[in-house]
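Visitor: Given next are the chains, with one letter for each unit.
Number of protein chains: 4
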Amino acid sequence: MSSVIGNKVKLSVFGESHGEAIGCVIDGLPAGIKLDFDEIYKDMARRAPGRDGASTPRLEKDIPKILSGVIGNVTTGAPLAMLIENTNVKSGDYENIMIVPRPSHSDYPAFVKYGGFNDVRGGGHFSGRLTAPLTFAGAVAKQALANRGITVGAHIKRIGEVSENGFELNCIDKKLLRSLSDKAFAVICPESEEKMRAEIEKYKADKNSVGGEIECAAIGLEAGFGGNMFDTVEGELSRLLFSIPAVKGVQFGLGFGFASANAKAVNDEYEIKDGRVALKSNNNGGVIGGITSGAPLVVSVAFKPTPSIAAKQNSVNLQTMENAELEIKGRHDPCIVPRAVPVVEAAVALGLLDTIL
Amino acid sequence: MSSVIGNKVKLSVFGESHGEAIGCVIDGLPAGIKLDFDEIYKDMARRAPGRDGASTPRLEKDIPKILSGVIGNVTTGAPLAMLIENTNVKSGDYENIMIVPRPSHSDYPAFVKYGGFNDVRGGGHFSGRLTAPLTFAGAVAKQALANRGITVGAHIKRIGEVSENGFELNCIDKKLLRSLSDKAFAVICPESEEKMRAEIEKYKADKNSVGGEIECAAIGLEAGFGGNMFDTVEGELSRLLFSIPAVKGVQFGLGFGFASANAKAVNDEYEIKDGRVALKSNNNGGVIGGITSGAPLVVSVAFKPTPSIAAKQNSVNLQTMENAELEIKGRHDPCIVPRAVPVVEAAVALGLLDTIL
Amino acid sequence: MSSVIGNKVKLSVFGESHGEAIGCVIDGLPAGIKLDFDEIYKDMARRAPGRDGASTPRLEKDIPKILSGVIGNVTTGAPLAMLIENTNVKSGDYENIMIVPRPSHSDYPAFVKYGGFNDVRGGGHFSGRLTAPLTFAGAVAKQALANRGITVGAHIKRIGEVSENGFELNCIDKKLLRSLSDKAFAVICPESEEKMRAEIEKYKADKNSVGGEIECAAIGLEAGFGGNMFDTVEGELSRLLFSIPAVKGVQFGLGFGFASANAKAVNDEYEIKDGRVALKSNNNGGVIGGITSGAPLVVSVAFKPTPSIAAKQNSVNLQTMENAELEIKGRHDPCIVPRAVPVVEAAVALGLLDTIL
Amino acid sequence: MSSVIGNKVKLSVFGESHGEAIGCVIDGLPAGIKLDFDEIYKDMARRAPGRDGASTPRLEKDIPKILSGVIGNVTTGAPLAMLIENTNVKSGDYENIMIVPRPSHSDYPAFVKYGGFNDVRGGGHFSGRLTAPLTFAGAVAKQALANRGITVGAHIKRIGEVSENGFELNCIDKKLLRSLSDKAFAVICPESEEKMRAEIEKYKADKNSVGGEIECAAIGLEAGFGGNMFDTVEGELSRLLFSIPAVKGVQFGLGFGFASANAKAVNDEYEIKDGRVALKSNNNGGVIGGITSGAPLVVSVAFKPTPSIAAKQNSVNLQTMENAELEIKGRHDPCIVPRAVPVVEAAVALGLLDTIL
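Protein chains in written order, with this note's numbering: chain L, 12 to 368; chain H, 12 to 368; chain C, 12 to 368; chain P, 12 to 368.
Keep in mind that a hint or two might mislead.
Since copy identity is lost for identical chains, a pair holds within one copy or between any two.
In silico EDC-like cross-links for lysine to aspartate or glutamate, where the CA-CA straight-line distance does not exceed 16 Å [as the list claims (entries may be wrong)]: (1) K275 / E338; (2) K275 / E336; (3) K213 / E179; (4) K76 / E31.
Hints in this document: simulated from the structure, not taken from any laboratory.
Sequences are here, hints too, so could you generate the full structure?
Guide: Written out as structure tokens, the structure reads:
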């Protein structure tokens, strides 16, 4: 049981939603990386709640305070520690869930795991709020990757019944990925935003919530990173991606589409292009045999609907061990997906940095 | 880059398809586990090729030789080492692929990664044959789990266009899972076998291959295993599952189905059943917040079509750096999925054992 | 390169001597441990400088601020994060050492390692000040051990030419170990303090410093913890102990005394005592074959003299690459050993907790 | 509890003294290293018993069989697996120790740890015989280091009351270290061999055994390897060195000599030599602040006397729980130190390779 991950770059995340502070320690960063903190804060703002109707009204400042590892914006090679103080906390909303666990939330499994000692306020250490330090660490990793010519970006591929096309091998470029990072609602096709927002509003109005899918790409990766057997790029990234609350599926390239495909149709053939080996297609999403192929990395992630909804639900009372009904108060996202885009980018960036170092 | 995995139970896999031998070392097994080697060999036989028209004619004995860690079928607590000598090797078939890499195979990425020093005969260390030691280790893990009342089993959910229903919360029991382990072609619905075999034959006749999906379940897991943040059950299992060649996607419960779902429809509510907390549905596949919920674990895995096909394909010549055509000789599976069932069970069993110890 | 250690309990330490703050994250602590913070602060006070003539006049408050992982003094099972803000920093003292490295300090090796990007003020991340979070984490570990009946304590065995007897098998008890923890200058024999202080003063007056040895014991350990091959108790503890600045040697039981000994004289024979297996001697220091033997754990650690002395020393100028003389200003300990006692206890406690969990 | 170690290069050791075979898997070796197996076998022969009166008459062939990871003497980048079949095994000698544990041996702690399921024949997995695969892996590591200009060598510094001088900063060179590797009895001063052999014979004649000290050096190491806090070169090497049976102390440079020293006498000052930064002394043994200083690495290791002696000893009967006397039959070394020289070199080489990769 660990909130630490990584081999060369180790990330240790701490904090509870309604505790003193949340934060992280990034260990093993190379010395001499010049960090652009405006870029980092921009990613954190993309994740932060309260920016529009698609997310919770809870307002946070989420200003990270750098404690160590940086002098004048340049990494020192010592651990980079950061904290964000918790503000605007309304714990009262949560007392009840210690006794009546919220369906599809960590409440009950965590109650069993920690024998009732865990902090349940706002989900405690399981809160989506813990993705803030993850986003910070990922934003740092993205800059370390940028120094190596690697760019990471993601878009919302689906919300409920509304979807847009994924990344096309021939149209993923730095410009596209950067443009996605500049959007509060990251979609490739401008029309998608309005349709997806409408889909979210539909469920919000019904005291309900809706799931979605985020697709993330990385370009500039040379062939030959990753592997062997148990250190596949897919395995490394998926372990990080599943640490994002509500993620229930991870696939690379065609992913589950491969299950109904045949080799003639989906094998990625090679050709010589500009004197270099190139792939004629990228159904494998940039990873073959667990190793980068030189084509863009393309991974997509499925999110379940935010389990916290205003509608009444069935649950149990852990004290009386009787059935109970639950009405969740407090403020919650009708759809977490728009805010999760920079978090997915962060997980991918951290995994890639650890892989290529 | 590592062929070692695990925290408490560390598995180290070695060998190359056409080398002296393949095998593994299982480190950290508790002492005193009584092993039923017939059960273990049965799993290995399920994975072994050449048993029917659905797999390659290459015949292997695949008799594992136990080198250490066991006295009189009981584990000693020291590392359990096993090897399988390679026999019936026809290297000649593979010489060409050192120069002309097979599309969608590890050949090219591995060539770049190892600077051409890697053993490419039969895929070398990337060969599907390396799943034999993985299956062995998983069969050992399954028995360690059985001692704790946990049963693991899997079925073929899809091959190409042919699919069958997945595990239903109320009908997954030990009997079903055991019965699947007794089948050479593991399907829940008897009619599925004929249809799926026909689908495979269709592609085989066309010098082509087809992908599929395997769904695996584990029952008897108490709530409270796994977590925190980066040690989610999903992340641990997916890292192992992606180490199986050709796996391109992993999902838990509804998985990607969550992306178009809403909370009212898919939240797993609680109820008191026989005096204990029970889930009324299991859309989360037995894992909530990264921790086991007490419901059956249900994970499904997507396999791409075997990239080695008899049909002519486009590739490049890495020596002359010119486009080239490739015709793969040798013996290959038109569909790897039927043989992969015990391998998926093995990866899940190893991940669960490491999680609960 | 990592400031993270541990398997089940992972400790991540961060901070630089003259940065914003120092601190740590303790990951994997069991939930439900009731912490006595007065005890924890007492250990930190024992390590803190400025309490008497034997240590540097630099005054620190060193009040740790708990950020997460604890509610009402009880651990939640989430990472326990702590920070100490840096105060009373006089950086001016240190500018010169960026160019002229201090002999026997990390300055030059770190300069090479980090390409000059590391924070050298006060030794940066290599400062002895980083032992404050280590002491904090160890104090927490000591309480987790105490819940399991294990007590850890240490004494100053030698300073320069002055030494006192080590722990005797038959007189190590909880009372002795606790009494040592209550002393600012931890010696078993009351007479030792005055002699050792005099030895320190002698070198201080000469603008010099002196080394010493600390012996640490742990009682209440059952037989059977630790091992196998690469996870020996000796190896785990030594890796932690060598992370304490100035430690250059670690030995268990007789340690280097074994090199001139014979088996008849030093083998630890067994006997039945009160119906249980007991050792008639403890030359192995409580660890045999890398596993706890049930006898008290006894480890001793050698410290080199504080390399920072007021006397003029020879060094080089890394800019001009010419020989140079160096006079170190600032405030330094003529002997670090008295303050290092709780740090040694901390390293031992952390290693033992990780081993027995 | 693990017989696996390493970060970039992972070593997994398996086997029991009287089982089928012993061996190891070396994972993470770079591809393309040309191995000189004669050199490797030479190191194994130095460790092998039965070569002269100073060691046990048990004769082993100890011919390692390479299973994977090498083609035509060149590493492929896949795990390098090796096994040695056990021959000439006389188990009968050991049956009694299951009931009456040998003093200062792993028998009793291992009995408790494994609940009596461990293989006790010949010490099982705790046998000194397991240092054979360790020596093999170290010999491979030495060649990987040699490719980077690093040479490792060791000598017997002390046996009982007989000692010789350690490595002098100005006289450690490749020629000296290589010459030590060519000796069956590795001493720097030719006179030492006769005296030390006589010391061993003295104890052998008395049905006794004697301890000793081995000092190991590595030259060609650049400054800047190792660190931070918990990844000190000292900590990494000591963890490996304590995995060698009978090792009870590890020190670097002056080691415990520092405890009675003062800074003016032992600080390692810098000077410019041939335009490069050089140390005027090497009391720190080539490691400062946990990082290599560019001076030769010098580490010394204390061995306890072989606990197995022919003389009668006191022990207990674990079945009747009564005191018992024990007379150990079988064949044992009166002094393990001469054979341990290549094992110490191996541990140091493995630790350094893992540190610099």
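Visitor: Honestly, which of those hints from before does the structure not fit?
Guide: 3
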